[in-house]
Amino acid sequence: MDFDWLFFAEVTLAALGNSALLALTGLAFVLIYKATRVVNLAIGEMLMVGAYLFFSFTAGLGLPPWGAILLAVVGGALLGATIERAVIRPMLGEAAISVFMVTIGVGSVLIGLTEIIWGAEPTALPDFMGKAPIFIGDAYVSRKVVIGFSVAAAVIAVFLLAFRFWRGGIALRATASDQAAAYSCGINVPAVFSLAWMFAGAAAAGAGILVGAVGGIAPTMGVFGLSALVVVIVGGLDSIAGALIGGVLVGLLEAWCGTYLGGEYKMLATFGLLMLVLLVRPYGLFGTVEIERL
Amino acid sequence: MTDTILDVRNIEVVYNTTVQVLRGLSLSVPRGQVVALLGSNGAGKSTTLKAISNLLDLEDGAVTAGAITFDGASVAGERPHALVRRGLFHVMEGRRIFEDLTVEENLTAATFALSGRGGPIPSFDTVYDYFPRLHERRTGRAGYLSGGEQQMLAIGRALIAQPKLILLDEPSLGLSPKLVEEIFTIIARINRERGVSMLLVEQNAAVAMAVAHTGYIMETGKVVIDGPVEKLMKDQDVREFYLGVAGEGAEKSYRDVKHYKRRKRWLS
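Just so you know, the sequences run in chain order Z and C. Numbering-wise, the first sequence is residues -16 to 277 according to my numbering. Numbering-wise, the second sequence is residues 104 to 371 according to my numbering.
Calculated directly from the structure, the hints in this document are not laboratory data. Any given hint could be a false lead.
Unchecked claim - The following label-pair restraints were derived from C-beta to C-beta distances:
1) Z:G45 to C:G175: 30 to 38 Å
2) Z:L61 to C:G222: 32 to 40 Å
3) C:G277 to Z:G88: 25 to 33 Å
4) Z:W49 to C:T107: 55 to 63 Å
5) C:G222 to Z:G45: 45 to 53 Å
What the hints assert, rightly or not - Chain Z is nowhere near these chain C residues, computed Cβ spacing over 12 Å in every case:
6) S129
7) F201
8) N307
9) I328
10) F344
As the list claims (entries may be wrong) - Now the stretches of chain C that chain Z is said to cover, found in silico as 3 or more residues with beta-carbon under 8 Å:
11) 151 to 164
12) 183 to 194
13) 203 to 212
14) 215 to 224
Since this is a predicted model, take the numbers as computed values, not measurements. Using N, Cα and C, we set each Cβ at its ideal position, and we do this for glycine too.
Generate the whole structure from the sequences, applying the supplied hints.
Here you go:
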């Protein structure tokens, strides 16, 4: 039997689009975890709110897409800052599990608010990317997937570079490494926390717009965050590069299994990968293994 | 009072609202001088430094009485990073370098201490001049430095911050005698060449006295004796309990030490 390489290529390219979105959501998660050691389970809901904000600005207020994207991303950043200031900072110093539970609560509240404001019905985002298909070689790729992939890849690259070379990125890593020592170097630690949440909120909102553009929006679209959680655990909770690689791995695996084995094997494969990685590398593929000098 | 950079008056510190660690401690650091704060384990030396730099909050501690004045203004209610930017740098116990960052990034992190001062960021060469070994390893991860190099980096961060006062917590911790000597020589040089005042907490009294101008000795949360180092060196009790030398100057064998017989005079 002949293997249909063209079909395989198309499935893979489409999967890469999904991978990039997973990686972008994973990035939002990693940013928060790296700076504040908070496992933020509300990331999927922050993503959803971002998509709804975009929906309001375009369909509701009739703004041009680029303006709506900008406003939605800013709105996502504000949402992140608000959550941090109002809910997370008072929990500073509490047990990690308490903070973790609080973020689950925040997620539920966001879903509830969304249903009150926008209703529970799924809707489609107005088309803002155009429909003309793109061909890479002979393989057909949807325009949305190409745009989604490029944007997500660019954003991740910017964050990677910023963490390495920008002074603020160093402050963020310093804070992640040792809070008291960061204070003693004159770093404004609470401001770093706010900043991390703002960047994460912005990244999540951007991911939300892209996810919504491909699959439509609904108050339940936050479950996308669950896949992103797998991504960051596979990649390492505190590694941006890990989110990138993890996103690609999970995205490809999901698509291949879904296409060749059937949709019901998607979850099996993803969580199988998760277990495998955790067994071999408990810190994730690229997570920081604590340096211990004796 | 213009020549006093740091003044601590009768402070009391309570951890977790239950455990009292400092009981009416007072000390002062004259501008440009090195002051040693000595004492045994659990006397409250590190707590004193954290009270001054306002890092107590992170450990559920609070100053419940007394006043701390740095450079003419109270430190009460100041955020720790704001104090650093005012020129009070705390080199914490156990070095506390950022292990995942490179040596250079560690120094870059310290440049945040200069925010709001408007001056130029000093070249890292000032640090490398004092500690050439850090230059060799500037692009390596700080977590892989040796203990001595990590201490050098911790002091290097303080240099970048261009402080008026450095609080040094046990720079000799876990280092070989040779390295301790090297580090303290440089500490003395920094004080001499840059005029930075220092409050130095040490268990190793002999080496601390060698660089300090004034000394305070504390036990169970308060100062029991203080004065110029020359005076302390002559004090019988200090010699015996902190420097480990007997009256005639001969080293005492541990076998002969009978703490239960000889009571410290200041406690009676």
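Violations among the numbered hints: 1, 3, 7
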